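Protein chains: 2
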Amino acid sequence: MQRRSFLKKAGLGAVAGTATLAAPAIAQDNPKISWKMTSSYGPSLPPLFSTAQMFVKMIEEATGGNFSIRLYPGGEIVPAFEVMDAVGDGTVECGQTASYYYYGKDPAFCFDTAVPFGLNARQMFSWMYEGDGTKLMRELFAPRNIVPFAFGNTGTQMGGWYRKEIKTPDDLKGLKMRTAGFAGEVLARMGVIPQQVPPGDIYPSLEKGTLDAVEFVGPVDDEALGLQKVAKYYYTPGWWEGSAQVSMYVNDKAFNDLPKQYQSLIETACRAAGPNLIAKYDAHNAAALRRLIASGAELKRFSPEVMEASFKASNELYKEFCEKDEMFKKIHDNYMAFRDEVVPWFGVAEGFYDRYLEHAVKNLT
Amino acid sequence: MQRRSFLKKAGLGAVAGTATLAAPAIAQDNPKISWKMTSSYGPSLPPLFSTAQMFVKMIEEATGGNFSIRLYPGGEIVPAFEVMDAVGDGTVECGQTASYYYYGKDPAFCFDTAVPFGLNARQMFSWMYEGDGTKLMRELFAPRNIVPFAFGNTGTQMGGWYRKEIKTPDDLKGLKMRTAGFAGEVLARMGVIPQQVPPGDIYPSLEKGTLDAVEFVGPVDDEALGLQKVAKYYYTPGWWEGSAQVSMYVNDKAFNDLPKQYQSLIETACRAAGPNLIAKYDAHNAAALRRLIASGAELKRFSPEVMEASFKASNELYKEFCEKDEMFKKIHDNYMAFRDEVVPWFGVAEGFYDRYLEHAVKNLT
Chain D
-2 MQRRSFLKKA GLGAVAGTAT LAAPAIAQDN PKISWKMTSS YGPSLPPLFS TAQMFVKMIE
58 EATGGNFSIR LYPGGEIVPA FEVMDAVGDG TVECGQTASY YYYGKDPAFC FDTAVPFGLN
118 ARQMFSWMYE GDGTKLMREL FAPRNIVPFA FGNTGTQMGG WYRKEIKTPD DLKGLKMRTA
178 GFAGEVLARM GVIPQQVPPG DIYPSLEKGT LDAVEFVGPV DDEALGLQKV AKYYYTPGWW
238 EGSAQVSMYV NDKAFNDLPK QYQSLIETAC RAAGPNLIAK YDAHNAAALR RLIASGAELK
298 RFSPEVMEAS FKASNELYKE FCEKDEMFKK IHDNYMAFRD EVVPWFGVAE GFYDRYLEHA
358 VKNLT
Chain F
-2 MQRRSFLKKA GLGAVAGTAT LAAPAIAQDN PKISWKMTSS YGPSLPPLFS TAQMFVKMIE
58 EATGGNFSIR LYPGGEIVPA FEVMDAVGDG TVECGQTASY YYYGKDPAFC FDTAVPFGLN
118 ARQMFSWMYE GDGTKLMREL FAPRNIVPFA FGNTGTQMGG WYRKEIKTPD DLKGLKMRTA
178 GFAGEVLARM GVIPQQVPPG DIYPSLEKGT LDAVEFVGPV DDEALGLQKV AKYYYTPGWW
238 EGSAQVSMYV NDKAFNDLPK QYQSLIETAC RAAGPNLIAK YDAHNAAALR RLIASGAELK
298 RFSPEVMEAS FKASNELYKE FCEKDEMFKK IHDNYMAFRD EVVPWFGVAE GFYDRYLEHA
358 VKNLT
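In order, the protein sequence lines correspond to chains D and F.
Per our numbering, residue -2 is the first one in the first sequence, and the count goes up by one each step.
Per our numbering, residue -2 is the first one in the second sequence, and the count goes up by one each step.
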C-alpha cells in the first residue's frame, strides 16, 4: 500500500511545512474566506476562462460557499500580463496565467508552460505529476512568493498565420511576426523580427502589412480573429508550443495561512478543473479548423528543412542559456531527460494507433 | 460569462434533482459520513490502485476527515469483477472498476471503457466532459442504480503476448487467447478462441500451451507477469483498447443522500485523481518496455492486413449490435460521430508534432 500523502507527493511538503500552517486549521477547519483571483484571459477565450470559472465553482461548492473566490477577467483589476507580480505582492491571492509571459524576468519560467520542441500535453502532465516538474517549478517560483499549480493545457498549438508561404528557412528572414518569449528568441536567430502586438491590433496590423505573420493558439481561439482574410497560410505545428500548460499562481503567504483542508482542496480543484481546457480544445478544434478552411485558410505543414533548422536553433539557444544560468540548466536537464526517456514509448502504441485511426476514419468519411 | 453549474454541465442534474437531496444539506453541510469503496484492483497494479487511494485522500483532506472512505482491494470484501452488483445493491457505496468487465450483462457498457477502434485517451476524456459521454453513461447506468464517473485512463494498451508471430489474419485462427468482452467477440469472428483465465494462472497456462496468447495492459503492468519468457512476441497496438477508461461507480441512493457539497467534491475528486493513472503509465511505460526487451521480448507491430481485417470485423459486429439494441445504437452513433469528427484534427498539429519529436529524439539518443 502506498498511502503517501498526496500533498507531499505533489511537492507541497516544502510549502506546507511552515509554522504558520497549523494554527488556523486547529482554530476552525471550515472558516469563511474570500479571495480575489485575476486572470490573463477573459470571456473572449472561452476554453481558458471557463476553466478558471470551473475552479472557483468547485472550491465554492465543496465548501458550501465558505471559501469563495471572486474571479476577475484580465485587465479588470490587474493587467492581463502582470499576474505574476500581482499574486507575488498579494494584490490578489491567486491568478490564472501562463508562465512564459514572464520570460523577460527569467527564461526558465517557460518550462512551466512551453519550450521549443518540448513535451506534448500528456508528457507535460506526466512530468508535472509523476516526474519532477511540480517540485522544480515550486523551487523556481519560491523567490517570487508564488506557489504554482498546473492548471490545464492547450495541446499542440498551430504554427500561425502567414501572408506568404514559408517553404525554406530563408523565407523566415525579415518576417515581422507577432511572437514573443523563447519562441521569439529562437525565431530571431532564424531571421524573424519578433513584434509585440496586443490581440486587438493583430488584424489591422496584418492588413496594413506592419505584420507579416502571427502566432496565436489554435483553430478555436484563432477563428475569432478572422486572420484567414488577411494572412491565409495557416501553418502547423507550433514547434515552440508542442503543448502549452496554463498555471494557477497562489500567493505563498495566503496559501500557508489557509487551513490544511482548503490547501488540499486548491490542489484537488486545480487538478480537476485544468483538464477542462484540453477537453474543450480537443472537442472543438476540428470543426473550427473546417470552418477556417471553408472561409479561405490554406492549411500548410512546415517543411522538414524548416523543422530541422528550428530544432537546431532551439538547441543552440538551450545550450547558451544553460551555460549562463544554473537553475535554467537544472530544470532543462531534468525536463529534456524526461522528454528523451518517454517520447519513444509514445510512438509504440499511441502513435501507431492514432495513425491507424486517422487512416481508417479518412476511409470512412 | 458562462456560469452554468458545473454539476449540471457534468450531467448530474438528473440525479441530483430528487426530493431526497435538499434535506441533509440543510440539516448539516459537513456531516460525518463513512463510506466503503471496493476496487477491481489491488496493490499489485500500482497505477490503478494508487488512483483509488488518491481519490480517498482528496475527499478526506478536503473535508477535514468528516467524509471518510475506506478502500478495499479487489477480492477483500467484494470479488474483483463484481463491483457493478456490489455498488448497485448498496453492499458498498462506491467502487473503482472498468465497465467492460460487465460486457456479459450489456455490451453497451464497453463504451464507458473501450471499444475496438474507439477513442484515444484525450478523445475519450473530451467525449466524457465536452461531448455527450457522461450524460449517456448516466442514462445507461441509471437502471443499475449506479452513478458512473470517469476515473482515469490507461492510454493505448498493447496488443498482447504471443507464442508465435502473427503475420496475417490467418495466423489468428485457432489461437487460444486470454481475452474477453467486445475484443473477445471480434477476435472470435476472426478465428481466435477466447479464454477467461485469472491473472495468477496466465503464466503457467502459456508455459504449458493451454494458452497461445494473452492480452493484458501495457509494459508497466505486463512486466510483473514475466510473459516474455513464455510468449516473447509483444504486439502493438491493442486496437480493442485505443484507450481504456477506468470508472468510479457510486450507488445512486448513497449519492443522492449526500449533502450537495459532498456530491460536488466527489465529482471534483474523480476529475482530479483520474488523470494520475495516465501520468503514471506515461512516465514509466518507456522504461518498463526497455527492460522487457532487454529480457527477451520482441516488439512487433500488427501488419496492415491484420489491422484492416480487425477493423472490418469490428464494424460488422457494431452493425449487428446496433440492429439488436436501441440503446447500444444511440450510444454507438454518438460516440462514433464524435470520433469521426475529432480524429482528423489530431493528425494536424498533435500527430505531426509527435512524429517530428520522435524522429528528433531518436537522432539525439
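Keep in mind that the hints were calculated from the coordinates and are not lab data.
Everything numeric in this text was worked out from a predicted model, so none of it was measured.
From the three backbone atoms N, C-alpha and C, an ideal C-beta is built for every residue, glycine too.
Certain hints may be false.
Said to hold, decoys possible - Each computed SDA-like pair below joins lysine to any residue, with the alpha-carbon atoms no more than 20 Å apart:
1. D/Lys257 to D/Asn27
2. F/Lys33 to F/Glu79
3. D/Lys164 to D/Pro196
4. F/Lys257 to D/Gly62
5. D/Lys326 to D/Pro140
6. F/Lys257 to D/Ser65
7. D/Lys359 to F/Asn312
8. D/Lys297 to F/Gly344
9. D/Lys316 to D/Lys297
10. D/Lys359 to F/Glu162
11. D/Lys33 to D/Gly61
12. F/Lys316 to D/Val358
13. F/Lys326 to F/Gly344
14. F/Lys257 to D/Asp26
15. D/Lys359 to F/Asp337
16. D/Lys309 to F/Lys161
17. F/Lys309 to D/Glu355
18. F/Lys161 to F/Pro140
19. F/Lys161 to F/Ala139
20. D/Lys359 to F/Gly344
21. D/Lys161 to D/Gln225
22. D/Lys29 to F/Lys102
23. D/Lys229 to D/Gly197
24. F/Lys257 to D/Met187
25. F/Lys229 to F/Asp337
26. D/Lys309 to D/Pro191
Stated by the list, open to error - Take a look, some chain D residues computed to stay more than 12 Å from chain F by CB distance:
27. Ile30
28. Lys54
29. Asp103
30. Gly181
31. Met187
32. Pro195
33. Thr207
34. Asp254
35. Tyr278
36. Asp322
Comparing the hints with the structure gives:
1. D/Lys257 to D/Asn27: Since the Cα atoms of D/Lys257 and D/Asn27 sit roughly 10 Å apart, the hinted pair holds (cutoff 20 Å).
2. F/Lys33 to F/Glu79: The given pair, whose Cα atoms are some 15 Å apart, holds under the 20 Å limit.
3. D/Lys164 to D/Pro196: violated, 27 Å
4. F/Lys257 to D/Gly62: Holds - the C-alpha atoms of D/Gly62 and F/Lys257 are around 11 Å apart, at most 20 Å.
5. D/Lys326 to D/Pro140: At roughly 18 Å apart (the allowed maximum being 20 Å), D/Pro140 and D/Lys326 satisfy the hint.
6. F/Lys257 to D/Ser65: holds, 16 Å
7. D/Lys359 to F/Asn312: holds, 15 Å
8. D/Lys297 to F/Gly344: Answer holds: D/Lys297 to F/Gly344 is near 13 Å, not above 20 Å.
9. D/Lys316 to D/Lys297: Given that 20 Å is the threshold and the Cα spacing comes to 30 Å, the pair is violated.
10. D/Lys359 to F/Glu162: Given pair D/Lys359, F/Glu162 is violated - Cα atoms ~29 Å apart, limit 20 Å.
11. D/Lys33 to D/Gly61: With Cα atoms ~18 Å apart, D/Lys33 and D/Gly61 stay inside 20 Å; holds.
12. F/Lys316 to D/Val358: Answer holds: F/Lys316 to D/Val358 is near 16 Å, not above 20 Å.
13. F/Lys326 to F/Gly344: violated, 27 Å
14. F/Lys257 to D/Asp26: holds, 18 Å
15. D/Lys359 to F/Asp337: holds, 8 Å
16. D/Lys309 to F/Lys161: Violated: D/Lys309 and F/Lys161 sit about 43 Å apart, past 20 Å.
17. F/Lys309 to D/Glu355: holds, 15 Å
18. F/Lys161 to F/Pro140: Roughly 44 Å separates the two Cα atoms, so the pair is violated.
19. F/Lys161 to F/Ala139: Distance of about 44 Å is beyond 20 Å: violated.
20. D/Lys359 to F/Gly344: Holds, at roughly 11 Å.
21. D/Lys161 to D/Gln225: holds, 12 Å
22. D/Lys29 to F/Lys102: Judged against 20 Å, a Cα distance of about 48 Å means the pair is violated.
23. D/Lys229 to D/Gly197: holds, 19 Å
24. F/Lys257 to D/Met187: violated, 56 Å
25. F/Lys229 to F/Asp337: violated, 35 Å
26. D/Lys309 to D/Pro191: Holds. D/Lys309 to D/Pro191 sits at ~19 Å (cutoff 20 Å).
27. Ile30: Since the minimum Cβ distance to chain F is about 14 Å, D/Ile30 lies beyond 12 Å and the statement holds.
28. Lys54: violated, 5 Å
29. Asp103: Label holds. Min Cβ-Cβ 25 Å, cutoff 12 Å.
30. Gly181: holds, 19 Å
31. Met187: The claim stands: D/Met187 keeps its Cβ more than 12 Å from every Cβ of chain F (closest is about 16 Å).
32. Pro195: holds, 22 Å
33. Thr207: holds, 27 Å
34. Asp254: holds, 16 Å
35. Tyr278: violated, 8 Å
36. Asp322: Fine: 22 Å to the nearest Cβ keeps D/Asp322 off the interface.
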